[in-house]
Amino acid sequence: MKDLKGLSAPEPSQRWMRLRVRLLGAIFFALLCAVFARAVELQIFDRERLESMARDQYVREIEMPARRGDIFDRRGVPLAQSVEVDSIWVDPSLLDDPAQMARILAKKLNLDAKELAERMERGRRFAWVKRQARPEDVAFVRSLKSRAFGFAKEPRRFYPQRELAAHVLGLAGMDGHGLEGLELAFDDELTGEVSRIDGFRDARGRKLLTQGAINPIDRQGASVTLTIDRGLQYVTEKALSRAVVEAKGVAGMAVVLDPKTGELLALANYPGFNPNTPKDTDHHQLRNRAALDTFEPGSTFKSFVVAAALEEGVIRPDDIFYCEQGAWTVGRHTIHDSHPHEWLTPKKVLQVSSNICAAKIALKLGAANLAKYYAAFGFGQRAGLALPGEGKGTVPYPRADIYVATQAFGQGLTATAVQLAAAYGALANGGVLMRPYLVSKVTDPDGVVLLENRPTPVRRVISARTAKTVVSMLESVVENGGTAPRARMDAYRVAGKTGTAQKADPVAGGYSDKRIASFIGMVPAEDPRAVILVVVDEPKTDVYGGLVAAPAFKEIAEAAMPYLGVTPSRPVAAGPEATAVSVNPKSAAARRASSSGPSVAVPAVAVAALTENAPAGDVRVPDLSGKAGREAIARLLAASLEPRVEGSGRVVSQSPPAGTWVARGAKVRLDMEPRP
Amino acid sequence: MRSDKGAARITFDPILLAAVMALITIGLVMVYSASAILAHDKQSDSFFFLKRQVVAFAFGLCAMATVMALGYRRLARLAYPIVVGAILLMILVLVPGIGGDANGASRWIRLPGFSLQPSECLKVAWIIYLSYSLAKKREKVVTFSVGFLPHVIFAGILAGLCLLQKDFGSAVCLLVLLFSLLFTAGAKISYLVASVLAALPVAYHFIASEPYRLRRITAFLDPWGTRHGDGYQVAESLMSIGSGGLTGLGLGDGRQKLFFLPEAHTDFIFSIVGEELGLIGVTVVVVLYVIVVWRGLRAALGASEPFGTYLGMGITTLFAFQAVVNMSVAMGLLPTKGLTLPFISYGGTSLVMMMTAAGVLLSVSASAQRASFGHRVRGQLSEAVA
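Taken in sequence, the protein lines are chains A and B. The letter at position 332 of the first sequence is residue 332 when you use this note's numbering, and the numbering goes up by one with no holes. The letter at position 191 of the second sequence is residue 1191 when you use this note's numbering, and the numbering goes up by one with no holes.
Rather than coming from a laboratory, the hints here were simulated on the basis of the structure. Relax, there's no trap hidden among the hints.
For lysine-lysine, the following DSBU-like pairs were computed, each having C-alpha atoms within a straight-line distance of at most 35 angstroms:
hint: 1; chain 1: B; residue 1: Lys1042; chain 2: A; residue 2: Lys153
hint: 2; chain 1: B; residue 1: Lys1051; chain 2: A; residue 2: Lys145
hint: 3; chain 1: A; residue 1: Lys108; chain 2: B; residue 2: Lys1042
Given the sequences, and given the hints that come with them, work out the whole structure.
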């Protein structure tokens, strides 16, 4: 600027002005530098802290639990499924008056106001209002139009077959974790992986975007396929409950086992419960007693004594034993028979169930052999169902003769129903004990088999010949003169054994006058396809297994045989007298050819029984035809109706039909078929 | 040497012009980015605010070109009408039914299609008036009774008008412009210091008497402690800028504008710049302001007469002050003021007036070019352009 001076010399005041302008310029520059320095501070040095604070408010890590895997019966009928239900949450910091809102919500949604207010207090920015809420709850909260509320889809466990196999399946809780039964035993597999995704939200609490969608397959737990057959299970449960009710018993259990494979086709407990409404059920009622709990089996054990004695050669089928006229003293104890007998062959011993002669055979066999064979039949060890809390039973070594004697008729030792059925399975299966199992397969959603159970022979217990002999002896039990003529079937040969055990009195010690009545049988006797055990706890009307449990056995067997496609042992028309002796194999083969797969008939009957007429009422049944199963179920639940599902796939028919007015909570049956 | 007439058009400082245009461009892009979601939410048209800003830009361009074509010298004759007009508008805002009410303060005159913010006009009018007045008084500026007191009183009245609209920022801005120009014009520093000292208790009383102003101060001092109350805006703004880091989250990818940060497209647009463009973007913006201030001061120094110098100085002060204050507020260095970020913030009146002011400044720069034709570099430059 110096060259300017020559042209027009600035006045002194103007020179001052230049200085002042530059001074102001320096101040502006300094201020802009300060601004820049602050930006560096914020964006470089404080970045991490500020960024995480910002993230805290717009990123919500959303946990997406995998949809819990399904449980199927052996034919792929779903027994337990998960459907998505809305849960309601709240960001209490966005509410003007949380306490007031808590009161309103509690009133409308049937919640405890105090508890809800506390939860909202605790939650600060997140609290569940109601999980797995009813559709009307969701509608109400939506109508509040408050940005404080949010909705999350949560899977709800649904048991389409209701009480069916409830004890086997157990329960899954609100948080989607198994509490009982298979739901607990296979919890890890069913639960699957929890995926965590970052969801952005804006300041109004709306979920905006998530980082990519999740592959639905990743979001599903493994499915569990059971050996249970829905149809047989239904029949078994019905027969069992009838037996227990008629005998005025306190409880009951029943097992249907395939002796050739060890598969449990049905496993029933009475009383039952509806796993869809677990709150109505006492906890002890949820227990799968047939698989887990042990009891003193009683006379059903005599078969093993005879089998062992025959196998060891200490007796022969034509030996005879003196039954002491109904009372025999061993040491300081006296053993009684229910009816006095004199001389009996081993077959007769089983037929009339003589305690005294069974004891004599056991004493002849010896304590060591008795213990050896009981162990070989699988007693005193876990059956291996892989269920948590599965009992193994106690079989103490009989150190005194009296213990040998009592163990011979199944007192003084304990076993589970499944163990007993499996041991009879060994008799039915030519002497080879198969490991019983309940779960046939656990499969990942992408088809990888995580676990597969196949028929597993545990050991040969007795020779095929001995087994055959014992089974034919057991056939006499259901004949006239046996203890269980009521188990006798027209079309099939039955071999079985009754049991009427005294219950140990845990308070007074010794035995009470309470009984456990049981019947275990196999059909058809010539080539058993099913071992069926029915146990009634504390029957009041009659106490004998032959009277209380045998009819239920027969009911189950009559449904099971055609269901399993088993050829009748004899023409149905033939009278009982004509078939007392063994069958000509030739004619049996001929009959086998003439009968063909009547297996569909029974489930149809069961289905008909399942369907109930819904009373006229206030909910309209939606049209579900063609809908996928899960969607159909979700829609029924949304309409406050209770689905009952037949088959899998898409809905082909429904009952009652669409548009019918029914009462809230009415059952709607859905028949489904896989998409062609 | 060159012909005076032709040179008048082409010797506007191209660097200043480029810097201003660059800031406006950044502004339009950021207004869209910051407002799209809000616009979509409120107006169902994500371009709503951008469209309005573009219209304002068009008006601003016309105003700027007009001023540049006419030359700043004509403003001397218009100084009184301009300042009177601005004052009338300021008073009009206070008339019930005319002033729109936004954010608790009536600062707008609602007109069909748009609204006018008179305080933005007043700032530029004040610069023109003050420059004219100071230039007219020449040596007498140094005196207390003629040069100092009347301007201070006038400024006080205008600041009072701003305060009636609860526009504390503009009031302070008018006073800063006054001091800047008095200082430039040669007012005694003792007067200036004394008046600042005298103003302090008044300012304190003024702040303490209005609860919302006091809360703003406490919020400024401790934004995190008052994060869910008065410190909310500042805390959100700090989080925005901090999350940007060096390179930013990317244009359009800011998250704070998802209703976390109120006024994201107006007073707090700098936060979105920081979040989306990072320190790099902030640096560009700050450097552009430095260029504007540098070229503005250069124009003021080169002006051929005091009126031009004062105008250039006042306008540069306006740009610098508003930019510094706005960015400082966004970064928690100053309490919330409500001053726009020149050329960038959404706001039609602000953009038009800032562009008009830039036109005046460019006009001054042209005069500076003419005045210093002997300078080697400038000579080359103008020859190249000619």
